[in-house]
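Based on the hints, put chain Y in the right spot on chain A.
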Amino acid sequence: MARKALPGIALITTSLILAGCSGSSSTPATSASGSTAGFQSQHKGGTLKLLAKSAAGSLDPQVNYTLQYWQLYQAMYDGLMAFKKVDGQASFTPVPDLAEAAPQVSDGGKTYVFKLRQGIKFSTGAALTTDDVVASFERIFKVSSPTAGTFYNGIVGADACLTKPATCSLAKGVVGDATAGTVTIHLTAPDSEFLYKLAVPHASILPKGSPAKDAGTTPLPTTGPYMVASYDPNRELKMVRNPNFSEWSHDAEPQAYPDEIDESFGLTVEAEVTAVQNGQADWVFDPPPADRLNELGTTYASQVHVNPLTAFWYLALNTNLAPFNNEAARQAISWAVDRAAVVRLYGGTNLAQPACTILPPGLPGHVDSCAYTAGGGATWSAPDLAKAKQLVQQSGTAGQEVGVVVQDDTVNKAMGEYLQSVLNEIGYQATLKPLSADIQFTYIQNTKNKVQLSLTSWYQDYPAASDFINVLLSCASFHPGSDSSINISGFCDKGIDGQIQQALTLARTDPQAADKLWGQIDQAIMAKAPVVPLINPKLVDFTSKRVGNYQFSKQFYMLVSQLWVQ
Amino acid sequence: MSAGPWRIAAGHLARNRAAMAGVAVFVVIALACLAAPLYAEHVAHTDPFRSNVSGTTVVDGRTVQVLAPSSTGLGLGVTPIGPTWDPGHYFLGADNQGRDVLARLLYGGRNSLFIGLISALLCCLIATAVGVLAGYAGGPVDALLSRTLDVVWSIPVYLLAICLSVILLTSGLRLGPITISAGSLWVPILIIAVVYVPYVARPVRGQVVALRNRDYIQAAIGTGASDVRVMRRDVLPNILPTAIVFVPIMMALDMLTESALSFLSVGVQPPDASWGTIINDGLGLLYTRPAVTIAPGLCIAATAVALNVLGDGVRDALDPGAR
Chain A
1 MARKALPGIA LITTSLILAG CSGSSSTPAT SASGSTAGFQ SQHKGGTLKL
51 LAKSAAGSLD PQVNYTLQYW QLYQAMYDGL MAFKKVDGQA SFTPVPDLAE
101 AAPQVSDGGK TYVFKLRQGI KFSTGAALTT DDVVASFERI FKVSSPTAGT
151 FYNGIVGADA CLTKPATCSL AKGVVGDATA GTVTIHLTAP DSEFLYKLAV
201 PHASILPKGS PAKDAGTTPL PTTGPYMVAS YDPNRELKMV RNPNFSEWSH
251 DAEPQAYPDE IDESFGLTVE AEVTAVQNGQ ADWVFDPPPA DRLNELGTTY
301 ASQVHVNPLT AFWYLALNTN LAPFNNEAAR QAISWAVDRA AVVRLYGGTN
351 LAQPACTILP PGLPGHVDSC AYTAGGGATW SAPDLAKAKQ LVQQSGTAGQ
401 EVGVVVQDDT VNKAMGEYLQ SVLNEIGYQA TLKPLSADIQ FTYIQNTKNK
451 VQLSLTSWYQ DYPAASDFIN VLLSCASFHP GSDSSINISG FCDKGIDGQI
501 QQALTLARTD PQAADKLWGQ IDQAIMAKAP VVPLINPKLV DFTSKRVGNY
551 QFSKQFYMLV SQLWVQ
Chain Y
1 MSAGPWRIAA GHLARNRAAM AGVAVFVVIA LACLAAPLYA EHVAHTDPFR
51 SNVSGTTVVD GRTVQVLAPS STGLGLGVTP IGPTWDPGHY FLGADNQGRD
101 VLARLLYGGR NSLFIGLISA LLCCLIATAV GVLAGYAGGP VDALLSRTLD
151 VVWSIPVYLL AICLSVILLT SGLRLGPITI SAGSLWVPIL IIAVVYVPYV
201 ARPVRGQVVA LRNRDYIQAA IGTGASDVRV MRRDVLPNIL PTAIVFVPIM
251 MALDMLTESA LSFLSVGVQP PDASWGTIIN DGLGLLYTRP AVTIAPGLCI
301 AATAVALNVL GDGVRDALDP GAR
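Residue numbers (my numbering), protein chains in the order written: chain A, 1 to 566; chain Y, 1 to 323.
In isolation and in its complexed conformation, chain A is listed as follows:
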């Protein structure tokens, strides 16, 4: 059997080999901010105090699907692969983590062979073995990990595991060889994004004996520099050093600075910001309140870090319900919404930029184009209300009632009120339904709730166009009657779906051509307007005065373990 890697995979693996080489050395990480120093032991120690309004649920890395804990998992759990833990664009690069080097890919991109690093121990003191790796992949299905059916369904045997999770066996899909120290993963079809999928926390390697159910608030043993000492979702998450950790790859899992990281819960965001201002805490997870932004940007400018995200906020128009089952009605909304107004409601031009496409700037495949801007052009300039009103009349949907479902926080609600005003202006009778953030995201996905228009957002899981277009707008992502129907618009166009499959296939052999095709698909979808891209947001990190060595990974955001507190 040929062992020639396909070009698409070769692209990733070439960078991996380079990354693997540097990763195994003690060469310090180079950050885009210019920090090139190695580990600076004089900054080691201290307690980093983080604040979040509330806990983010289960601690189980194979279950939790929140940015809040994914950010912390970076310093606790490891997979065969990891995203490079550095500042800037390089953080999108997957590097070998628990695997010694980049995998050997064969069988036309369907077989990956990883050699495990030797000498790695869990926080319990037990040595990491190939059995742990095999068990961890089976556990993804046993605990019904949120991405089991989307990220890992290509592993041989995954189909049966998805049907009967309790008895999941990947005997033919994930094969460990304890003697050789290798793990071989067999896929049913080549997957150009598989290494990305191995680098997210759901593919963390846990001890073989870990419970085959959501561990909830019980911490699971870690391999990274920290382990969880205690977790009370009403009070605090306390992370302390893992006594069995020693750095094996600076790129994948660098040595950490603080001795302890505490994330406390329960304060309001206003109080959190005040606590950081007063030096009582070091960082706030939640976005700062709108009325504090000006103060932070002026009085505390040196403590504020603003970073663009590969994400977009958008309106999902239900293509299966009136009035938005009418293409002209959908286009009318695209013409009518003033993106500059939405940017203002988000916090201004330094915190967001108008969006015209599904693929955010910086993501492979993104092409500057804007189908719905007054006067034309590649970037958004102004709405065209006259055209919007004309389209509403032309569609015969004028006067219809439209429910706008938004989250009930200040920013989302403000955007909702603005949208309601715009809808009323172009001829609809809009009502606003603010829902708790805890339920809104699942509520708008379920077709039973008959949501016509909703405001939501999507932040990348990994840097690939498919993570936006295929996930959000393919026929396969539409599951009527389910809370997990991430294609919120219910958009299913057979022609575009064919192009999506073509791009996924092309990505295995010619990533550049695939990216070009993704860009075309983006524009083809925008022509049908099932979604209205609004803004590409930026993230504000507010740190205390004593914090140093701030680094921002574009993949998992601020590198918590690399902060200095002394």
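Rather than coming from a laboratory, the hints here were simulated on the basis of the structure.
Cβ pair distances, simulated, as ranges: (1) K213(A) <-> D150(Y): 40 to 48 Å; (2) T188(A) <-> L160(Y): 53 to 61 Å; (3) G375(A) <-> L160(Y): 48 to 56 Å; (4) H45(Y) <-> Q520(A): 44 to 52 Å; (5) P83(Y) <-> T47(A): 43 to 51 Å; (6) S171(Y) <-> S484(A): 19 to 27 Å; (7) A301(A) <-> A32(Y): 41 to 49 Å; (8) P37(Y) <-> G375(A): 35 to 43 Å; (9) P83(Y) <-> G375(A): 32 to 40 Å; (10) G88(A) <-> V305(Y): 58 to 66 Å; (11) N238(Y) <-> K448(A): 49 to 57 Å.
Don't be surprised by glycine CBs; every beta carbon is placed ideally from N, CA and C.
Coordinates of chain Y only, in the frame set by chain A:
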């Protein structure tokens, strides 16, 4: 010829300076709120229900943005225009949608007062009917109605109101031929009226039970008068002062409840305004534009105090023994 009891009560009320001050404050607020369309259209030239996020206005001869992006430091955040103290535009500044706060305050007051008044009247009407029926009928009817009131009473008012609001705001209400849409003002009116019925019905029932054994009632029954006639002609006029005393007090209470529900987003729905929704709108602007929250808060406080003082005056006038 002596004056009738109502005229005597009116005289007492007119001589009560505190009550008259309450009336004056209430009337001023109510008239200002009734003039909301005049102010918005002819003075401020603004539509208080339309977002004006990208709009501009002229202050001291300079064109300024209604929602001004920060231009200092890192340039983070957007701040609505503050009070201009010019009645012609943005007298109290703008909210986070760029809408004129004073215009919304006046429109919001119309809704708050309307909901407070109608729900208080409705509550007293239902409570009087239930109280009279329970107290007069006695026996199983009294037991059924009284226990029902006890059940409603046992549930915290705000909890019950929020639960009802969430349900009705999702689906609206259909009772036979009566249909109330989800965003209608009648949703909070009905909810507030219903949750406070026990507070009025129980004292009314107590009075009716006492009246039921009076000689003149027994005499009326003895002459063969029907129950409906006795209730209408002999019982109702005697408990009417009690019900009337409740009206201003319940109006103040209902207005506060409406504000609380609207503040929690389960009362008046956007883009409509009430004083509660405006306070909610101002929450996110507390540090930069506190006037958005303070102005409706003062209006609520002033109206509630005025109505309570008036309520005390009405009680003193109709029931001097209660002083």
